[in-house]
Every structure is written in C-alpha cells, then in structure tokens.
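Sequences are here, hints too, so could you generate the full structure?
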Amino acid sequence: MDALTSILPFKQYLPHKLSYDKQETFLKLFILTFAGILAFATRLFSVLRYESVIHEFDPYFNYRTTKFLTDEGFYSFHNWFDDRAWYPLGRIIGGTIYPGLMVTSAAIYHTLRWFHITIDIRNVCVFLAPLFSSFTVIVTYLLTKELKNASAGLVAACLISIVPGYISRSVAGSYDNEGIAIFCMLLTYYLWIKAIKTGSIMWSASCALAYFYMVSSWGGYVFLINLMPLHVLALMVTGHFSHRVYVAYSTVYILGTILSMQIPFVGFQPVQSSEHMLAFGTFGLCQIYSFVEYVKSKLTEAQFNALFSFALMTVGFGLGIAGLVLWASGKIAPWTGRFYALLDPSYAKNHIPIIASVSEHQPTAWSSFFFDFELLVFMFPVGIYYCFKELTDANIFIIMYGMTAIYFAGVMVRLMLVLAPVMCILSGIGISSILTTYMRNLDVNQLKKTTSSTASSQSSSRSRRGDDSSTYPRKNEIAFGVVCLMSFFLITYVFHCTWVTSEAYSSPSIVLSARTGTGSKYIFDDFREAYWWLRYNTDEDAKVMSWWDYGYQITAMANRTILVDNNTWNNTHISRVGQAMSSTEDKAYEIMRELDVDYVLVIFGGLIGYSSDDINKFLWMVRIGGSTEKGAHIKEKDYFTPQGEFRVDKDGSPILLNCLMYKLSYYRFGETYTEQDKPPGYDRTRSVEIGNKNFELEKLEEAYTTEHWLVRIYKVKKEENRGQS
Amino acid sequence: MKYFVYLFFICACITLNVLSEEDVLSDKIQQLTQWSLKKPIIRLNNEHFKHYVKASSRNYSMFIMFTALSPQRQCSICKQAYDEFQIVAQSYRYSNAFSNSVFFGMVDFDDGSDAFQYLKLNTAPVFIYFPPKMKPKKSDYMDLSRSGFSAEQIIKWIHDRADVEIQIYRPPNYSGFLLVILMITMILGLLYVKRDSFKFLFNHIVWGIFIIGIVCYFISGQTWNLINGPPFMPQNKNNMGLFADDSNMQYIAETYIVQILFFLHFGVSIGVILLNEAPKLKSQTGKRNSFVAAVGIVVVVILFSYLLSIFRSKYQGYPYSFLIK
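Sequences listed follow chains H and W, in order. The first sequence begins at 1 in the UniProt record's numbering and counts up one residue at a time. The second sequence begins at 1 in the UniProt record's numbering and counts up one residue at a time.
Everything labelled a hint here was simulated from the structure, so no lab data went into it. It cannot be assumed that every hint is accurate.
[Stated by the list, open to error] Covered stretches of chain W, going by a simulated chain H footprint (3 or more residues, C-beta under 8 Å):
id, stretch
1, 88-100
2, 222-232
3, 264-275
4, 291-303
5, 313-322
This structure is a prediction, so every number in the text was calculated from the model and none was measured. For glycine and all other residues, C-beta sits at the position ideal for the given N, C-alpha and C.
Below is the structure:
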C-alpha cells in the first residue's frame, strides 16, 4: 500500500495535512467509489444506444410480476393465480418463483416513493442489475480483504467491476435473478468467512440471513449449501477444524435451513432432496466430531480406542440400514437430471436431450474462457499459488470455491457467472502480490532522479546501486519491467472488457439494429410496435396464439392472454400449439377453435433477413407437436424433401408449403419485391424464392403486419352463423 | 406337333430357370450365412450390394447400415452408430433367433457409392430394412432423428419390421477399469518408493501445483472435448493451422496446446517471482538470475501475445493484437 500511494501520479493532489492512515482510507474510498461507478456505467451501453428497455424474454416476466407486486401488494402477489398465461389452464405464480428479485425492486421503488422521488417501476427494474453490480464491487473488496489484505481487495474490486463474465448477466435491462444473486452469494461468503474467523454467533446469524436472501433470489443457492459443508470437510481433513468452525457451521446450517424453507418454491427440499444431503451430513459429522473430541478429553487412550471402534461399527451399520430404508421408501428424492449433468459431463448428452438442447447448458470451449476473462485466465493460477503458500481457513475456502466453480463452468457455459467472482478475487490476490513484491524493489527516488537528471548523474546512481543490499544486480530494472508489464496487461484487460461488453453483451434483442450503407444505425422496433398494436386494438380478453418464446413478452407488453410461454411446464399444451402451426389451415382451425384463439402471432424475418424467426424454429414446433399422442400424425419427415432437406422454395415438401406456419409467414409475400434483380417473394433469410406464392387464407384474416414484416398478426375468423352449407 | 415341341421347350426353360433361380438363392444364402458367421456385419461393396440386396429375387431380409466410416469423411456420428449396430449384430449372431433368413450388412460410401446413388441417399448413417422380395418402403427407413441410434432403439425397430427378438449383450468395458487399476498401482508405487518420507503429501506447494494443473485442464476446455468429441486435428487439407477458425469449435490438439501454454505461462511467472525471493546470492549467480528473470518477462510477453493472436483468429472482428498479428 505504501509503495502504491507513493508513486501515484495524483499524490500531490492528496491533502497533505492528512495523516498517513487518513490518506490510505481516502485512497481506498476513492478507488472503491470509482470502481463502483465504473461497474454501473459500463453496463449502460444498451440504454445509451437504444433506450431504457428491458431485454430478452425472461426479464419481461420478472418485470410483469414486479409490477403486479408493487400495484397489488405482497399478499395478493403471494396468492397470485395468473389467468393470462397458459390459457385455459393458468399458472400459480406465487408458489413457483423465487421472489427475491421482485421484492427487492419493490422495496427500492417504495423507498424512493417515500422520499418523493417518483421513479417508474420499469426504470427500477432496468437499473437494478447495474446497481447490484456496484454493490458486488464493494462486497468483493470486503471478501478479498478478509482473505488476503486491503490492496488485494482493491485490485479484485476493480477487476470485478468490468469482468465480462459477470456483465453478460447484469447489463442494464437484463432484469433477471442472476443480477442480484451474485451479490447475495458474495455477501454470504463474506459473512461466512467472518463467522469462521471469529466464531461468533452474530456473524453466523448474519450469514444465515444473507443465505436466506440468496435462496429467495436464485435456484443456484444449491451451490452455496454444498460449498460451505465442503469447506468444513476440507477443514476437518487438513486439521483446521476448531470450535469457531463448529459454532459457525451449526448456526448457519440450522438457521439457514429453517429460513430457506420459508420460500414456497423451495418448500421441504432442504430436508428431503439429495442436493442438500451433503450439508445435512456435514452437520451431523460436526456434532459427532466435537462429541468424540469431548469424550477423548475425558477418557484414557485405551478406553477411548475401545469405545471408538465399537461405536464406529454400530453407528455405521445403523446409518447404512436407515439410509437404505429411506431410499427404498422414496423419502430421499432422486437427484435431478441437471445435477447429474453437473457431476458427470456426458450424462446430459446421453440421457436428457432437453437439457442438452439448450445452448446455455453446453460445455465451455477454451476460447469462451478467454473471451469472458482474458487476463484473469493467467492470473487465476498465480492467485491459487499464493493462497497455497499461506494456507489459512479462509484461503482453503476460496480454493474450494475456485475449484468447484471452474469445474461447473467447464461443464455449463451458463455457470461462468459463478466462476467470474472467484476469478477476480484470486487474480486480484495474484496481481497485488506480484505488484507489492516488485514495488518494494522499485527504487522510486532513483527512478525520479534518472528521469529528470543528466547522464552523468545516472552513472553515479548506478554505481551507488552496486553496493546496494540487493539480492541481484539490475533489481530496479527488472522490477520496473515487471510493473510495466503488469500495468500493460491490466490496460489490455480494460480494452478487452469494454470491447466485449459493447459488442457482445449489450443488445436487448427486443429492439434490433443494423448498419446502413452510410454507416449510421438503423433501428428495427417491430416487436414493440406489434405488442402495442395488440394492446390498443384488440379486445381485453383476446387470446393470442404464438410460439412459446414470445409468451412472456406478449403478456407483459400487450397484456393479452396467451396459450404458452417461456415457463415450459406443460409439454402437451405446447405440443398442441405446435400441432396447430404444423397442420393445414382447416385442421389448424379446428385446434384453434378448441383452444378459443382469437389472434395468431408469427415472427417472420424473410423481408429483412432476421434469422431467428419462426420458420427457422419451425422444426422444433413439428418435433414437439408430434411428440404427443394427439399429434402422432405429424411426422418430421414429411416436412423435408425426399433428399432430407428443409426448403421453402419450389422443391420443398408440399406439406410444409401448405401448413399454417408457412401460410401465415408468407401470406402476400409472393407479391413483394425484397431485393434487386430477384423475383418477387425472395426470402432474404433463407436466400430462396418461396415455393407457394398465390394463396388466400380462408379461416384467418390478416390483422396487422409491422413495418418490416417482423411480426405478423392474424385474426381467427368466427364460425359463420348459419354453418357451412 | 411343332407346337408341342415349343411348349415343351418353354416348359423346360421355365423349370430350368426356376431351378437355377433356387440354386442361385440357396447359393446366396449359403454365402451370406458363411460371411455372417465369420463377421456379424457383412461388409458389402457395389457388386455385392447389386447381387445380394438389389436383386429382387430374395427370400431373406437384410438390415443394412449406410455409412461413411473413413476418417476423411469426418463423420464422427457414423462411428458411434456403427458401434451400436455392431452390438446389435453381435447379439443377434449369438442369440437363439439367429437364422439364415435375416442378415446384417453395411455399405460404406467409399466402397458402395452406387448403392447410395441407387437409393438416393445423401446423408449417413442411414438404416434401411430390405424385406424379402420387395424394395424398401418409406416405413422401412429407421427414423434416426427421432429415435436416435442406440442399440435398444435399433432392436425395437428390428422387432417392428422383421419380428425378430434380440436380447442385447453389451461387452463390458474393461478399459476404464484397467485405467483405474493402473492409476492405483502407480500411486501405490509412488508411495512405496517414497515410503520413507510422506512429507511431500503434506507440502502445500505440491498440492498447489497439482490443483493448478487441474485448473489449466478445465480452462483449456477439455470437458468440451469430452462431451462433443471433436477430431484430434483438422482433417481439411486447406486448413494448415491446428486451430479451428470458429469460436464454437475446437480440436483436441488445439486444447492441449492451450493447456500447455497456460501452464507454461503460470510456471514462468511464478519462476520470475521466486527469483525475487531467492536468498542473497553472490554476484555471479546474481547476474545469471537477473538475466533469467529478464528472459522470463520476455517469455511471458510472447506467450500472451501468441494466445491473443490465436484468440483473434477464432473471433473474427476482435480488434486487439500485440506483437504477433
């Protein structure tokens, strides 16, 4: 720290009259504040480029529930039965979500209201994730300070403020559980380390409270409840187990478990499911271990040995029987597939195609590690090395965290998020250790002299250094080289992170943009245009049928009832929609009448070349549609050409060219010119001229098509009064 | 009279023909049985396919896998499907259901491109059932996209089509078991050799290096390899480099290089740090140390810029590079 303060360029601006301690505090505050502000600011790219808008799909659901919570109050939120989704089934919202995120936003909203700061709830939601990232910066500092020292903490705080692995889930507008969960996780860890170090019940109880907050906000809490017992086990094995650990773990486990069971969605899982059994087992082991230690202190060695071997055998036998009985009677729930997928990397691929099909659940290639962490990938091992050099209780924890997180991140891309904080902490420890070692070697006074004085004095200073008590010659130069190199690496880190944030993680996907020929930005705002059209031009109780991807957005923005949404809990219902989309118009009409559909919404990218539209997703609709009994007549093969290709041009399968999805996407597209030198009806996404051009819709009529044809809405005609004659 | 002669002649011809056809058929069956006794899956080339499968005079049925196994076809899924198919064929060969009316065959694209052309196939692998005396219908193609190609699914399909009941017998996999045994013996051997001093087990630094090795293993994307099974090296002749151009793809060789680079980077940086902590040395060794430290710094810079350049080639449009383009 002393070396740091002495060479900082703004030293002369620091108030000289302050004492040394105060200067240090001032500097720490300064760095932390700026890191916090930076963390907030770097996440605002999308807000500045577009507007304060919520991103993607799931955040829209969270936004809608938050809005409901602020309008209706907590109790009606808790008992909320949502009839706008999954028509006609509905969905119980209160008991099937983690409410932490919504409660947090509502609390902030009401606090600000109380101070007469009238902010819209949408803006609270948009800026919540960046705000909590700023908090995360502070918690990271505190945690690293407990592990190593304050300077390592400052470096770690600066690193985490811009690390892309964390930004990917916490940009402004990405209003999702992960946004606050990382803060909760690090807060729990910080309090846990505090509890382990002090052995005080106060810190342990605070840790349990932080754990409760974590449970209420993210399903990833399972990672915490397994990591803490792992830490305790590691402490036992390495002989670091003490009364402090005993007090801390027992308190945290008991309080934390009772508290976590208050979340309706978690319920009795903490005492039943296998994912929590490690924590329970460790709790028991702690008691036995302490009891054995106590007995040992009261008996002679021979007596103790006899007793110990007898007890071990009876207890082991008893436990085995009890476990077998519980397992056979089904009291211990089987481990969920996702958990198996974590333990055995190839499990998911072989057994659960649904998990394997989601891109977030793919394993991580090395380039993704580099993409998300850059410099940290190198500094992480150095940090581990320094932790091993002085093994303390706290260091063992961070090593366990690092090891487990890197394994999970390797198995699932999504869990890079959990790895990001520990990468920053350990890299912070590594970087600050290197810097403090070499800063000490850096002879600042001489450096200043050499830069300011002439060559003659340079030679004299060098001769003076010769009889310096250094371990090797040119110590100063090497130190200078290392410090320069480190600074250079850190600068590349900043550039890298800013580039990644701006290019990869800041597009809201609800508003699209493209570069025009002149280089200016062109915005496609078709999604919101369509949703607002629905909101103002349709009956309030109208039911809209669309593929499930757009469910959350339609309920949140258009406030209309939908059939299926992103909470894919009912496969048969989704399958029914898939069947309607892949049948002919007449068949689809029957299904739509059965489901009481008023409007059908499809996403079509053929005009502007938007590739993730419904035609490209269509095979999934066919697959899911044909996966249930009612849709057994829908066969994926029928939608391919005899050569096994999926084509929409003249050679395409006639069944595809006449199904509802095709007709709704390409209705009147055959008359439209899209590109120069191409025939009308040229699909720019798939680069073909469509095969079925001049058709009319009989049972539906076009209601609205957005500016760039991205969203097309059709009205389902009512049955004729007199019936068909 | 003349007519009778003609009639007789025609009759004779027909009988002879029938006789000879039966002869040919029994020959065929004999040949096929012989082959399948030797090897459960009969490998068919163009002529064989024409003679034994395409010819309409058949009273036996065949299950044929159309595939492309040669490595330059880069069909990793074909190999897996072939293994599963082999398990089925093997189980059939030693089961009670084994008869001379059902055979298992295989056509590789490189031996039997005519067969692929004849059936208008342009994908692999494909499983087709050739029923006796008929050409395969649409329903005789196994729907791989829906059912997958595990041995269980293949058996279900076979049961549907030909009413043959086969019990799968999977040969147990000893390789994992052997590997574990080998590991244990190695560890025990190491302990035996070092039995005088178990101190190294309690050395933090040894554990630290071990764990850092594991970290490098994970960071270099080995789990990705484990799950997705990419080829060891790019087989495309045009692509001379060892590295995949796509950020969603990596080769095994590539990950090994990256892993070594990470570990090297760590080793060199720790080496430079340790030099600094060395006790006071005489000027001669001191000079050497400072030289080594300077080299270390240069090596770290080169490793970093090399990795950056590889990364740049994977992510098109990445703007930064250092020293190495």
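Each hint tested on the structure:
1. Counting residues of the stretch 88-100 of chain W whose C-beta sits closer than 8 Å to any C-beta of chain H gives 0, which falls short of three, so the coverage hint is violated.
2. A count of 6 residues in the stretch 222-232 of chain W with a Cβ less than 8 Å from any Cβ of chain H is obtained; the coverage claim is therefore met, three being the minimum.
3. Counting residues of the stretch 264-275 of chain W whose beta carbon lies closer than 8 Å to any beta carbon of chain H gives 7, which reaches the threshold of three, so the coverage claim holds.
4. Look at the stretch 291-303 of chain W against chain H: 5 of its residues bring a Cβ nearer than 8 Å to a Cβ of that chain, three or more, so the hint holds.
5. Counting residues of the stretch 313-322 of chain W whose C-beta lies closer than 8 Å to any C-beta of chain H gives 7; at least three are required, and the coverage claim holds.
Violated hint: 1 only; the structure is consistent with all others.
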